[in-house]
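Visitor: Dock chain B against chain A, hints included.
2 protein chains.
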Amino acid sequence: MSSNFNLDSYLQERQQEVEIALDQSIEVIYPEKIYESMRYSLMAGGKRLRPILCLATCELLGGTTAIAMPTACALEMIHTMSLIHDDLPCMDNDDFRRGKPTNHKVYGEDIAVLAGDALLAYAFEMVTKTPEVPAPRVLQVVTKLAQAVGAAGLVGGQVVDLESEGKPDVTEATLTFIHTHKTGALLEASVLSGAILAGAEPEDLARLARYAQNIGLAFQIVDDILDITATQEQLGKTAGKDLQAQKATYPSLWGLEASRHKAESLVISAQNEVLPWGEKGAALRAIAGYITSRTH
Amino acid sequence: MSSNFNLDSYLQERQQEVEIALDQSIEVIYPEKIYESMRYSLMAGGKRLRPILCLATCELLGGTTAIAMPTACALEMIHTMSLIHDDLPCMDNDDFRRGKPTNHKVYGEDIAVLAGDALLAYAFEMVTKTPEVPAPRVLQVVTKLAQAVGAAGLVGGQVVDLESEGKPDVTEATLTFIHTHKTGALLEASVLSGAILAGAEPEDLARLARYAQNIGLAFQIVDDILDITATQEQLGKTAGKDLQAQKATYPSLWGLEASRHKAESLVISAQNEVLPWGEKGAALRAIAGYITSRTH
Numbered sequence: 014m015s016s017n018f019n020l021d022s023y024l025q026e027r028q029q030e031v032e033i034a035l036d037q038s039i040e041v042i043y044p045e046k047i048y049e050s051m052r053y054s055l056m057a058g059g060k061r062l063r064p065i066l067c068l069a070t071c072e073l074l075g076g077t078t079a080i081a082m083p084t085a086c087a088l089e090m091i092h093t094m095s096l097i098h099d100d101l102p103c104m105d106n107d108d109f110r111r112g113k114p115t116n117h118k119v120y121g122e123d124i125a126v127l128a129g130d131a132l133l134a135y136a137f138e139m140v141t142k143t144p145e146v147p148a149p150r151v152l153q154v155v156t157k158l159a160q161a162v163g164a165a166g167l168v169g170g171q172v173v174d175l176e177s178e179g180k181p182d183v184t185e186a187t188l189t190f191i192h193t194h195k196t197g198a199l200l201e202a203s204v205l206s207g208a209i210l211a212g213a214e215p216e217d218l219a220r221l222a223r224y225a226q227n228i229g230l231a232f233q234i235v236d237d238i239l240d241i242t243a244t245q246e247q248l249g250k251t252a253g254k255d256l257q258a259q260k261a262t263y264p265s266l267w268g269l270e271a272s273r274h275k276a277e278s279l280v281i282s283a284q285n286e287v288l289p290w291g292e293k294g295a296a297l298r299a300i301a302g303y304i305t306s307r308t309h
Numbered sequence: 014m015s016s017n018f019n020l021d022s023y024l025q026e027r028q029q030e031v032e033i034a035l036d037q038s039i040e041v042i043y044p045e046k047i048y049e050s051m052r053y054s055l056m057a058g059g060k061r062l063r064p065i066l067c068l069a070t071c072e073l074l075g076g077t078t079a080i081a082m083p084t085a086c087a088l089e090m091i092h093t094m095s096l097i098h099d100d101l102p103c104m105d106n107d108d109f110r111r112g113k114p115t116n117h118k119v120y121g122e123d124i125a126v127l128a129g130d131a132l133l134a135y136a137f138e139m140v141t142k143t144p145e146v147p148a149p150r151v152l153q154v155v156t157k158l159a160q161a162v163g164a165a166g167l168v169g170g171q172v173v174d175l176e177s178e179g180k181p182d183v184t185e186a187t188l189t190f191i192h193t194h195k196t197g198a199l200l201e202a203s204v205l206s207g208a209i210l211a212g213a214e215p216e217d218l219a220r221l222a223r224y225a226q227n228i229g230l231a232f233q234i235v236d237d238i239l240d241i242t243a244t245q246e247q248l249g250k251t252a253g254k255d256l257q258a259q260k261a262t263y264p265s266l267w268g269l270e271a272s273r274h275k276a277e278s279l280v281i282s283a284q285n286e287v288l289p290w291g292e293k294g295a296a297l298r299a300i301a302g303y304i305t306s307r308t309h
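Protein chains in written order, with the numbering used here: chain A, 14 to 309; chain B, 14 to 309.
Only chain A is shown next, with the shape it has when bound in the complex (with noise of 0.2 Å):
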């Protein structure tokens, strides 16, 4: 399906909207150190991937953006809670995310992990703001968020992921269940939480799940290439890579060629499931497009 649909100034646009409402969500009250320390990561900048998902899914299904724009920054908020939780040192021990110092680098540990609580907290009361939608489908919301997060989602990934690191035998289903639960399932939310909102039915929710889940793996196999292309071009060789690389990835198990054949093809899945909206799901279908771009 061709389309004339420009999606740089769509992400462009849809970007400031969300910064603009997460700027406006939290603010700096006593005890100050804990908002400030919630806000420097939630506004640290990002692709707002998780929030323009929800904002796409719901206008694609007839809702508006102010309707789903509290559920965008709560699945914003929950993201930034695990990037926030993830680098501590116990965890990944990382003191830069995005060019910037981490969460506990400038705050400390223990607000560090106390703004990562608040900010899953605050995610929840975020989704109950939406007086305009009847309240049984929020609480579905706030049921497919917090699965999304707990140990059957995110938290879950993120253990097997510890559990699997510097082992080289890691199969391709541990693999899968890690990218599944650790990205896959917050992005799933994302997707399905705005068409919640705007009253999808079931068939819709089933197509877009499978929409999901395609964009979510293709995201990842797309982190494992560019992980490894990115430090060949730098190193000009590829012996430092299998060390730093203690991590299994898909091209690890697969190789390059194939891991970016694999990454295309789910994309080609995903776009096909929104194929049935037509123009509507202009949006969705170029958002899954972008997805594998970042492999070129």
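Among the hints, erroneous ones may be present.
Because identical chains share one entry, a pair is satisfied inside a single copy or across any pair of copies.
[Stated by the list, open to error] With a Cα cut of at most 30 Å, we get these calculated DSS-like pairs of lysine-lysine: (1) Lys-118 - Lys-46; (2) Lys-260 - Lys-118; (3) Lys-113 - Lys-46; (4) Lys-60 - Lys-275; (5) Lys-275 - Lys-293; (6) Lys-180 - Lys-118; (7) Lys-180 - Lys-142; (8) Lys-180 - Lys-260; (9) Lys-260 - Lys-46; (10) Lys-293 - Lys-113; (11) Lys-180 - Lys-46; (12) Lys-113 - Lys-260; (13) Lys-142 - Lys-60; (14) Lys-60 - Lys-260.
Source of the hints: derived by calculation from the structure; they are not laboratory data.
Guide: For chain B alone, coordinates are given in the frame of chain A:
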């Protein structure tokens, strides 16, 4: 008001019901470690005061135990999450709680952070498992719980507590901020969520909020008193206490006798709030009394 109410057997029965519900709430599946870690702290005992308050107010207003139990479990999950994170080396650095090694001593700091996150997320999922209750009420409970945990509640109290450590000049206002947020907010949410689920009127909620605030503060004062008197009996002298109490406490501001007095008068105020319900309020009055009976 005289009462034949038997608090001991009431608390014991309720505690058993709560233990069963908590035990059934989390199953150990793959990846086992995270579920085991969540269960380790959740099933480590304790008075289950928050769930019992939730069940008691729901019944007071004509609701059933069944409709309040998922939220009662959620309250205990939130409380447990706050204990796991508070015990971390970067926070209070406690190795033991209730005579058992703390979560991070058994499972590692990384899993302890994640177990807390997962319990918090799961708490919100639990709340939504109340199909018998009109969705708008359940949403109100979600909001109430989220506010009680976040920067405007528990987390905010913990931040000010951390900031006040080792400072000799903590004011009464600061101390009260710490306790109304760190302990009071979740106790109030426990009392109010049961009432909301039962369909409380605004006047009921206002009364019960005052009840909860009074017992919350009394609870903390008694904790402070017990901390000192226990030390005194143990050491047979007060010398070590001031050193240990780098933290400001109510007894350190007011003295022991005035603190006891204050706790008792708060409990009486709390009990008075429940008087209009007559014999039906016996459980809440007895629970309030139980709090200061610990001073003697």
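Visitor: Now tell me if each hint is right for this structure.
Guide: Evaluation of the provided hints:
Taking the closest pair of Cα atoms, Lys-118 and Lys-46 come within 30 Å of each other both inside a single copy (14 Å) and across two copies (29 Å). For the identical chains of this complex, Lys-260 and Lys-118 are neighbours both inside a copy (25 Å) and across copies (26 Å), given an alpha-carbon limit of 30 Å. For the identical chains of this complex, Lys-113 and Lys-46 are intra-copy neighbours only, at 18 Å inside a copy versus 33 Å across copies, given an alpha-carbon limit of 30 Å. Taking CA atoms no more than 30 Å apart as the test, Lys-60 paired with Lys-275 passes inside one copy only; the shortest distance there is 23 Å, against 54 Å between copies.
When the C-alpha separation of Lys-275 and Lys-293 is checked against a cutoff of 30 Å, the pair qualifies only within one copy, where the shortest distance is 26 Å, while the shortest distance between copies is 65 Å. For the identical chains of this complex, Lys-180 and Lys-118 are neighbours both inside a copy (29 Å) and across copies (24 Å), given an alpha-carbon limit of 30 Å. Neither within a single protomer nor between protomers do Lys-180 and Lys-142 lie at most 30 Å apart by alpha-carbon distance, with minima of 44 Å and 39 Å respectively. Taking the shortest alpha-carbon separations for Lys-180 and Lys-260, only the intra-copy value of 7 Å comes in at or below 30 Å, while the best inter-copy value is 45 Å.
In this homomeric assembly, Lys-260 and Lys-46 come within 30 Å of each other (Cα to Cα) only across copies, at 20 Å, whereas the closest approach inside a single copy is 36 Å. For the homomeric pair Lys-293 and Lys-113, neither the shortest alpha-carbon distance inside one copy (38 Å) nor that between copies (58 Å) is at most 30 Å. In this homomeric assembly, Lys-180 and Lys-46 come within 30 Å of each other (Cα to Cα) only across copies, at 17 Å, whereas the closest approach inside a single copy is 39 Å. Taking identical chains as interchangeable, the C-alpha atoms of Lys-113 and Lys-260 lie at most 30 Å apart only when both belong to the same chain, with a minimum of 24 Å there against 34 Å between chains.
For a Cα distance limit of 30 Å, the shortest separation of Lys-142 from Lys-60 inside one copy, 24 Å, qualifies, whereas the shortest one across copies, 34 Å, does not. With identical chains, the CA atoms of Lys-60 and Lys-260 are at most 30 Å apart within one copy only, with a shortest distance of 25 Å there and 44 Å across copies.
The structure fails to meet hints 7 and 10 from the earlier list, while all remaining hints are met.
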